[in-house]
Every structure is written in structure tokens, then in C-alpha cells.
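So the chains spell out like this:
There are 2 protein chains.
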Amino acid sequence: MHPLFWLTPVGSVLCLLFAWYLSKTTKRFDEGTDIMREIAQAVRQGAKAYIKRQYFVVAVFFIIVFVLLLIISLLKMLPIFVPFAFISGGFFSALSGFIGMTQATNSSARTTNAARKSLNGALRVAFAAGGVMGFVVVGLSLLDLSAWFIVLNWVYRHLPEAQKIQNITATMICFGMGASAQALFARVGGGIFTKAADVGADLVGKVEAGIPEDDPRNPAVIADNVGDNVGDVAGMGADLYESYVGSIVATMALAVAAGLGIQGVVIPMVIATLGVLASIIGTFLVRTKEDATQASLLVALRRGVWGASILVAVVSGLIIYYLLPGHFGIYWAILAGLGAGVFIGYSTEFFTSDHYKPTRGIAQAAKTGPATVILEGLSVGMVSVVPPVLAVVVAVLAAYYLSGGASHPELGLFGVAISAVGMLSTLGITLATDAYGPVADNAGGNAEMAKLPAEVRKRTDALDSLGNTTAATGKGFAIGSAALTALALIAAYRDQILQFGYKLDLSLMNPAVMVGLFLGAMMPFAFCSQLIRAVGRTAGKVVMEVRRQFKSIKGLMKGKAKPDYARVVTICTVSAQKEMITPSLMAIIAPILVGVLLGPSAVVGLLAGALVSGFAVALKMANAGGAWDNAKKYIEKGALGGKGSAEHKAAVVGDTVGDPFKDTAGPSLNILIKLMSTSSITLAGFVLRMTLFK
Amino acid sequence: MHPLFWLTPVGSVLCLLFAWYLSKTTKRFDEGTDIMREIAQAVRQGAKAYIKRQYFVVAVFFIIVFVLLLIISLLKMLPIFVPFAFISGGFFSALSGFIGMTQATNSSARTTNAARKSLNGALRVAFAAGGVMGFVVVGLSLLDLSAWFIVLNWVYRHLPEAQKIQNITATMICFGMGASAQALFARVGGGIFTKAADVGADLVGKVEAGIPEDDPRNPAVIADNVGDNVGDVAGMGADLYESYVGSIVATMALAVAAGLGIQGVVIPMVIATLGVLASIIGTFLVRTKEDATQASLLVALRRGVWGASILVAVVSGLIIYYLLPGHFGIYWAILAGLGAGVFIGYSTEFFTSDHYKPTRGIAQAAKTGPATVILEGLSVGMVSVVPPVLAVVVAVLAAYYLSGGASHPELGLFGVAISAVGMLSTLGITLATDAYGPVADNAGGNAEMAKLPAEVRKRTDALDSLGNTTAATGKGFAIGSAALTALALIAAYRDQILQFGYKLDLSLMNPAVMVGLFLGAMMPFAFCSQLIRAVGRTAGKVVMEVRRQFKSIKGLMKGKAKPDYARVVTICTVSAQKEMITPSLMAIIAPILVGVLLGPSAVVGLLAGALVSGFAVALKMANAGGAWDNAKKYIEKGALGGKGSAEHKAAVVGDTVGDPFKDTAGPSLNILIKLMSTSSITLAGFVLRMTLFK
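Line by line, the protein sequences give chains A and B.
Sequence positions in the first sequence follow my numbering and run 30 to 723.
Sequence positions in the second sequence follow my numbering and run 30 to 723.
If we strip away everything but chain A, and leave its shape as in the complex, we get:
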């Protein structure tokens, strides 16, 4: 084993210890008044209830797939470690989501309480809570990777070196499937839950009954707050866990084909570990003065992210220079990935922040009613696809050619893969700046429900709004890294097939490939259609229940009786669980079906088609949704007639349409793309035996 590898297990433990330290920090803060505690407790219970049920369903699914994989393995159609790798990927993904969510629900009241004194204090609690999530995700990823690497090294110890590395990476890539399957469930289920609760709460509360957002009389208000935690925290964590692990294992697998040997295999793990250490240092740069404004808070967060990025950029150069002196081009690939990630983040911010023209244009369109708000928002969403695509294109070309792809294509593919690792290397801190947003959002809900003074809500709103900006950056990373990771996974799939001795014809003139592209490009549409409809159906159920409670619970509207919050949570939970099954299965079954009916070349076409179309659709949805949300907030801040005006009503329509766009369908597409690739890889051996198309 390469000595530098040992950095990874050590780094992972350090990272988990740091997460534990952050968690301790938040515990030192107080949860505030009794009513604040009570509200936090209700949200916590709701989130736990949801997660319990979600993990039960997922566990059933995992056990079924595990058994199927085991049978296939025992029939010698897959390596015997595959089912275990699959389970471990899913387990750690679920664990990081669970810890992050628990921490988030434990921190919202504390953030509110800190906000009673100062903005800066509130930021510290919320950011620490986000940091727990960020560092747990990367820490557990590296731990899982190290453990498998050590175990497999031992298992294959008798094989010759080349063969050994080959077997190790081929097995490790399979736990990507477990991670992505669990991530898809988390994103889809959480996304349906959160948006159904949100849309349902708004439709009856704000629109019909005319009570403000987060009003405690609204029976859906707790569900809405629970949703932020299960969707935006647990879902996002599982998503990025998967991207992180996926990009690392895909790069390791491609290192073998690129002929880089054990050095190439450990490099992605080492770079990731460096990123983790840099992220930890970065968090210490996030400090502000006591009289911090919103702008100076953003500067503080940015300082942390930039500090970590620069650190990674410098140190990884040294590492590459030392480990792969003949291939220094790989360093430029890492930088290309880092750069593309930052660029996509800024592009997202440009299209979704109310400081810039696109979002303000949507607000202006509210003058002529909801239809023009929708059209303008869709138009913004569509054009927002352009800069990230150009960024990915430049990154891919730079990574490929600078790593030496012109003379050795396999080296070029390795370069593309490692650029994804570069982009995700600072995940610890970027995820921290992202995951703190929902904590702040919940803190605001807590302040509203506990009827705290307006200035508290104002402070949490400032944090929340800042969270929207950092969330935009986070979404940019999630989607950009998904694109690069998927490219790496597609290349790894092809390697896998070639290793089985099967010949591939990946030319666009092969009708199987072309047909695969058509089917792949169709997938995101079929998938999003399902998700959007699921949100609509579930929101409809919430609306009915809220109406029922308004009618049947006496004194509710006067604040003399309490609504039955738990019932709405249960409705969302049950419905989200039911609705998440079909779209998730679609992602796993489509590549198997295409593989069996049309062969592996068509599968590559399918994956490529889903990637390029899914990337565009995901960006469009995420950015249109973000822009609608902020256009509404812009009007609420007083522009164009402010709250309650006809313009505001028109903007609310845009926001409601945008909700499932940006928090359900858009982000789930990231995972769809990757899950299709990872399940193709995992099941490659099996599908090749079954294919009708020899």
C-alpha cells in the first residue's frame, strides 16, 4: 500500500472529530424560552418520524436489492463483494444525512435564541450546525473509502500488483450505486415532502385564509419546517456524499486504465483528504466583528471558501509534483475543476440574486400578471444553462488535453475524472455554507411561531437571505460536480465492459448509440414530470387536511386552540414515501432494460443523453426556481407595490411553480444522472450475460 494513502484514514478521523467539536460548540448555546423549545421539539419529532419511515422503506429496498445482487454474485455473474459494497454505500450515505439533519433540528432554536442578541452570534451557531453536516459527509466518505481500500488490499494480497489494483477499484466503484440509490430516495422523498408541505401551507394559509407564512395557526407550518430539514439538509447531504464518493472511486478506477498504477489510484483520495484539511482551516477564517452586516457576513463566508480553495490549489500541486512527476498536467485538470465549480456558483448567483437584471426582470414582468412572470422566469431559467455548460465544456477540454489525452486517451479521461475531485475537494466547507441555510430558515420559523420581537425575525431573515445566496453556490457545485462525475462514471462503465472482453462501438453512427441518446435525453423529462405531479398530488392532500382542521378545530383561527401538526407531517411522510418509489425505480431499471434489449453501446448512449439533457434541465429548473423565489422576495421588500399588491400575487404564482422546480425535480436530476451510471456499472456483468444484443 502506498504510504500517502494513510493520510486518508487519518484525515477522515480528524474530520469526524472536528465535526464532533463543532457539534459540541452548538450545544453550548441555549434553546431559549419554553415555547421556542417546544416548537423545536415538534420539528425534531416530525423530522425523526419522517426519517424513520423513510429509512424503513429504503432499508426494505436495500435488502431486496442486496439479496438479488447476492444471488447474482453467487451465480458468478458479479464479484462477491458487490452486494456488500452496495449496502455500505447506502448505509454511510443515510448515516451522514441522519447526523446532519439531527444537528440541524437541534440548532434552529439555538440560532433563534442567539439572534435575540446579535446577528453574528446567530451566524456562528447556524454555520457550526452546517459545518457538522459538511464534515460528517466528507469524513464518513473518506472513512468508508479507507476501510474498503484496506480490506480489499488484504483480500487480494496474493494477486500480482496490477491485478490487485484492478480488482480493488472495480469493487469499490460498486458502492457508488448504494450511495446514489439512497441519495435519490433522500432527494426525491425529501423533495416531495418539503415542497408539498410548503405549497400546501401557502395555498391554504397565505392565499385562502390570509394568514402570514410560519403562522402557528397553520396546521401545515410544522410540516413545512420539517421539510426544510429532511429535504434541504438530509437530501442535500446524501446527494453530495454520493457525488464525492462517486467522483473519487470513478477516478481510482480510471487510474488503472490510464496506467498510472497505485500512485494514480491513491491520488484522488489524497487530494480529497487535503481538501478536507483545507476546509477545516477555512472554517476558522469565517469570523466577523460583533456589529456585522449582511454584506460582511457574506465576505466572511467567502473568505473561508476561498481560503480553503487556494490552500488546496497550492498543496495539490506539490502532491502531484511529488507523486506523478511525469504527469504534472493532471494538476491543471484539478484546477480546471475547481475553477469551473467556482464559476458555476457565480453564474447561479447572477441568475438568481435580486441584485442582478434577470431576477429583477421577472419582478418587472409581474406588472402584466402571472403569465408573464412564468414566461420571463422560464426564459431566465433557459438562458442560465449557457454559462455552466460553457464552464463544463472548457473544464472537460482543459482536463482532457492538459493531462495528456491527445496522445493517451485514457490519461485524458482520468484528467476529466480528477477535475471532478478537484471541484469537490473543498466540499467540507462549501457544504457547511450551504447547509446552514435551512437552519436559518427554521430559526426564522421558530421566531415567528414563538412571537419573538420583529428584530429577531429580521436577523434570521438576513441569515436566511444570505443562505439563499450560498445555497445557490452550493447548488452550482452539486450540479457541476454531478456532470463531471457522471462523465467519469460513463468512462468507468466503458472500461468495465471492455474488461469483460466485450467490444463496444460508441460511434454516433451506431444506431444503438443514437437511440440510446434519444432515450437518455427523454429520461429527465419523464422523471421530472412524475416528481412535479407527485408534489402537486401531495400538496392537494395537505390542502384538504388544513381546510378540514380550520373547519373542525374550534378557536383555531383565534389562536385559542392548537392545530394537529403531526397529522400533516404524517400525510406528507406517507405520501412522499409512496411517490418516491416509481421515479427511483425508473432510474435503476432504465439502464438494465436498455442494456438487455439493445446492448452496452446503447447504455453508453443512454447515459450520455441523460447527462447532457439532464444537466440542462436541472440548471434551468434550479435557476428559474431560485429566480422566482427571489423576485417574490424582492417585491416583498417593497419594490413594485410590495406585499399584497397585484404584482406580489403574480410573483407568488411564480414562486409556487418554482418550488418543486428548485427543490424537488432540479436537484433530483443530479442524482438521476449518477444513479443511472452507477447502477449500469454495478450490474454490467449481469446485464452483459442477459443482453439480447450480442
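Quick caveat, the hints were computed from the structure, so don't treat them as lab data.
Small disclaimer: the values here were computed from a predicted structure and weren't measured.
Some clues are possibly wrong.
Claimed, not checked - Lysine to aspartate or glutamate pairs mimicking EDC-like chemistry, simulated, CA-CA at most 16 Å apart:
1) A:Lys487 <-> A:Glu665
2) A:Lys396 <-> B:Glu237
3) B:Lys396 <-> A:Glu237
Said to hold, decoys possible - Looking from chain A toward chain B, a few residues come up when the C-beta cut is under 10 Å (computed):
4) Leu232
5) Leu352
6) Leu353
7) Ser382
8) Val415
9) Val421
10) Pro689
C-beta atoms are modelled at their ideal positions from N, C-alpha and C, and glycine is treated no differently.
Got chain A; can you put chain B on it based on the hints?
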């Protein structure tokens, strides 16, 4: 020259004579009362004014491109016939649009007048008018094709046979670019005009002033009627002219590479000619009894289309059997194309007709307001992508393998190309059933403005509604044929590059191809964003002008003064002309830029990416738009509270969003896909010289 070729010029002349005969038939009907004449005259003038200006702009563009092509040709980087082929393609496309539109504007008042007596009479006028359009399009296509074929045969008479055919088809494929460039201008310009006028008229007329649709007091009402003619008639005609010609020349070009010789080259022309004759026979089957109902009218129209299709299916079998006895599989490819076209038509109808669940679901969603109408409509639009993609996938695979692609890939590609010819073979009659819709729509406007009795409007509404159904089928054909034609064009592009002795690496593992796919998949988003915004901007101008007229023209609202219709027409015209330039140039410049920067393999990636993503987006937009329109009409017919209810208002928002979806952006995408391919082909020689990527 092959004797069967002479069928084509003869068929084209027959076809044009038949169009002339149909035109005469409509002239025998009377235009009705003075006011009806006057209205018809105003629409006619507006349409002529628009077309005059449009063709002026297009002519300037064509002259510039012609000169550029001429210079490049004189520098020996392109064959000398290319600039002339380019001009002729554009000229005939424009001519067919012009004739169709003139006929349509001449027939609306006549249809209204006939509707004063009976539904059947009105159908006969409107259908004959649509028939003129249909048969002019196919007649002029075949004429242009025959003329070039004869001329080039003479020019290259001294070359050996193989070389001669090669040169002929290589030149002929270039007039596809002229046809598609003019088609894009017609679709984009017409599409912006028609929807800006429509949306503008609705926003001020229906929403603000509360006057009914087509009310003569609305200054935008004539512009709205003009729009139907310039967008839905002239635009649709140019679009399908281009698909028709494009599919035929691409197939001819591929016949050479497939080694089918002169037989293979004439087959697409012969099949198309057969289709024309079958279509003429089909029109005689469109007859009903005097007491026809809407349902029996649909049966009558369907009888015509089915009759023609069956005729083609039978006779083309004989032709293939006679001409290419060793390759009877090609016949199955033709049938696959025909079948896919019919299937896509039915799928479109399912998703957009208020007889079925999807559209009714949208109407139901109106209960919870405009946001849910939008979400449900988008969801329907997205899932509606699935059946047509499956149809194209099956057709491509069937066409490829049944023509013998497994052993001879080039034969397979020829099979895919000829399946597009099969799909479009009955274009004469399908276009007739499609183009009659706008005539009926205008007839309704005429009835409203002339204040004719309600029963007249009811009859024209029945025709219009039938027109919506047939238009759905027509759009299915337009988009399905665009997909197959684009595939054929991509294959033809590749042949072209190979003939230049350039080596292509079209594998998905080539980063240039993958990057091309990303860029291609992005194109439809960038393009649609522009178009939707253009409609919004132009509609805004219409709104301002209408408001101004309402204020400044005294007695207008009381019906005592006439609005200044012409001014709104001018505003739409000027604005549409300005707005159509950028998106159209985008389609031509993108492949050149990609070719120069990244080489021809990336261009193939670009074209494939644009095809698969554009196909999905176009279907989504067209079907969502159609479904929203019909959901609104369904409510207007009395469902869910009927006209004026909150549900109706919510559905109107959906319809307004859908307008630019279905009549501007969606259909323009068909042409975007093809124009990118044809300009790549035409400029291949030039771009290869310029490319930085050798």
C-alpha cells in the same frame, strides 16, 4: 437518367395544377357582406405588408450569404453550384409560404359566408384553401428537385456514372440550407408576430378592458388574425417544405454511400411523387353529407389521410420490389416512418385533446389556481415526450436493421433516411388538413367582427376546434419528420466530411464529441429563451399601443370610432423582424464556430445533442401549449364554472404561457435542428479548411 425519375417532374406539374384547381374552387364562393369583405381585406393587407417586409429582410440576408458563399466557392473551398442551390431553396420555400398565405387570406371570409348556410360548405372552402397550401408546398419541392436534377445531370454529363451521381447529390443537399434558413425566419418571425399580437390583444382586451376575443373595438384584433396567417400558414408551410426537401435530398446523398446507385438516388423522389398522387386521390375521399356533425367531419378528414397512406404503402412496395429487388427491406423502413408519423399524431392528440385525461387534469388543476395549472401543464408536456421518443426509437431501429444495416451500416443509414421520406410522403394531404385550421380560425374572427348571428360563429368554432385536432397531428408530423430528417442529415454530413478525406472519431469517448453533445443539448434552451423573451417584449409594445388607442381615440369603446388596426400590425411586424435575427443567426453560426474551434467530430456531437434535446423540448412545448389551450376551451365550454370563473382565469394564465410555447418556440425548434445540420453540410468544405483542430 433513370426513366422512373420522369415521374417526378410530371407529378410536380400535376400537383401544381391540382393546387390551381383547388384555388379556383374556392374563388367560386362569395366573400359575403361588405363588412365581411372589408375585414378580410384588412387582414389581407396586414399579412401582405408583413410578408413584404419579412421577405425584404430575408432577401437582404440571402444576398449577403449568397455573396459570401460565392466568394468561398470562387476560392475553390465549395462547389460553384452551392450559392445558387442555396438561393433556389430559399426562393421556393418563400414562394410556397406566400401562395399558401395569400390563399388562406382569400378564403377566410368565404368560409364565414359558407358557414352562414352549413357546416359542410364551410369545411369545403376551408379544406380547399388548406389543400392549396399543401399541394403548392409539395409541388414546388418536387419541381425544384427535378429542375436541379436535370440541370446537374447535364452539367456533369461527361463524368463517369458513379462520380456524376456523387456530384449531383452533394450539390443538391445544399439547397436544404436555403430552405431551412428561410423556414427559420418564417417560423421565428411569424411565430413572434402571431403570439405577440395574440398575447397583447388578450392582455389588454380580455383582461384589462373586459371585451371578448375578436372584438372589433380591440386595435390588436386584425394583427391577431394576420398572425394566424403569417405564423401558422406561411411559417408551417416553409417548415414542412424544408423537411420534405431535406429528407429527400439527404436520402439521395446517402444512397450513393450505400452503393445503391442511380436506383437508390431516384427512389426517394419517386416515393415522394407517389405520395403526392395518393394525396390528390385522398382529397376526393374528404366528403360528408350536408347535415355533417363535427365528429363526422373528423371521420371525413381521417378517411382522406388514411386513404392516401394506404395507397402509398401499397404502391411503394411495388416500386421497391421493381427498382431494388435485392433490398426489399427498404420498404419496411418506409412503412416504419409512415407508422411512426401516424403514431406521433395520435399521441399528440391524446395529450392535447380535452377528450382525454391529461388536458382534463389541467382543467381540474385550475381549482387551486394558476400555479397548479402551470405545474400540471408542464408535467403533461414533459411526460408527452415519452411516446414520440419511443416511436422514433422503434422506427430508427426498424429502418436501420430491416434495410440491412447489421451487415452494411451505410444501407442502414439510408433506411433511416428513407423512413423520413415515408413519413412525409403524404404531406400533401396532411398539410391540407392542417393548414385549413387557421383559415377556420380567421373565419371565426370575421364572423365575430362582422357581428353575424351566433350560429355562424358556432359553426366556425366547430371547424376551428376540429382544426386544433388536425393541427396536433400536423405538429406531430412536423416534429417526427424533423427528427428523422435531422438524423439523415447528420449521416449525410459525416459522408461529406469523409469524402474530403478527413478522418472522424465519432466515439462518445472522444471529448470533442462529448463536448459537442453538451453544447448541442444547450442550444434549444438558449434559442427558446430568446424567442420567449422576444414574444414578451413585442407583446409589451402591443399592450402599450392598445392602451394608448383606448385612451386617445374618442368613442372607440362605444363602437362609434374605428381603431387604428394598421399601427398594431406595423408594430408587430417591425418588432418581429428585429427579434428574429439573433436566434436565426445563432443556428447558422454555432456549427461554424464549433467546427472551426473543435473540428468536425464536435460538430456531429453538436448536431446530435441539439437533435435529442431539441426533440424533447419541442414536444414538451408544443404539447403543453396545446393542452393548456384546450383546457381553457374545455372550461369555456362550461366545465368547472365556465367562462369568467376563477378557474377560467387560472386556465387563461396557462393558455397565455402556452401561446409562445406551442406557436413560437416549439415549432421553431424543428427548424433549428435541421438548419444546424444543413448549414454544417453546406459549409463543410469551408469549415474544414478553417478548423483549428486538425
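Status of each hint after checking the structure:
{"no.": "1", "hint": "A:Lys487 <-> A:Glu665", "verdict": "holds, 13 Å"}
{"no.": "2", "hint": "A:Lys396 <-> B:Glu237", "verdict": "holds, 12 Å"}
{"no.": "3", "hint": "B:Lys396 <-> A:Glu237", "verdict": "holds, 12 Å"}
{"no.": "4", "hint": "Leu232", "verdict": "holds, 6 Å"}
{"no.": "5", "hint": "Leu352", "verdict": "violated, 24 Å"}
{"no.": "6", "hint": "Leu353", "verdict": "violated, 20 Å"}
{"no.": "7", "hint": "Ser382", "verdict": "violated, 18 Å"}
{"no.": "8", "hint": "Val415", "verdict": "holds, 5 Å"}
{"no.": "9", "hint": "Val421", "verdict": "holds, 6 Å"}
{"no.": "10", "hint": "Pro689", "verdict": "holds, 7 Å"}
Consistency note: the structure conflicts with the earlier hints numbered 5, 6, 7.
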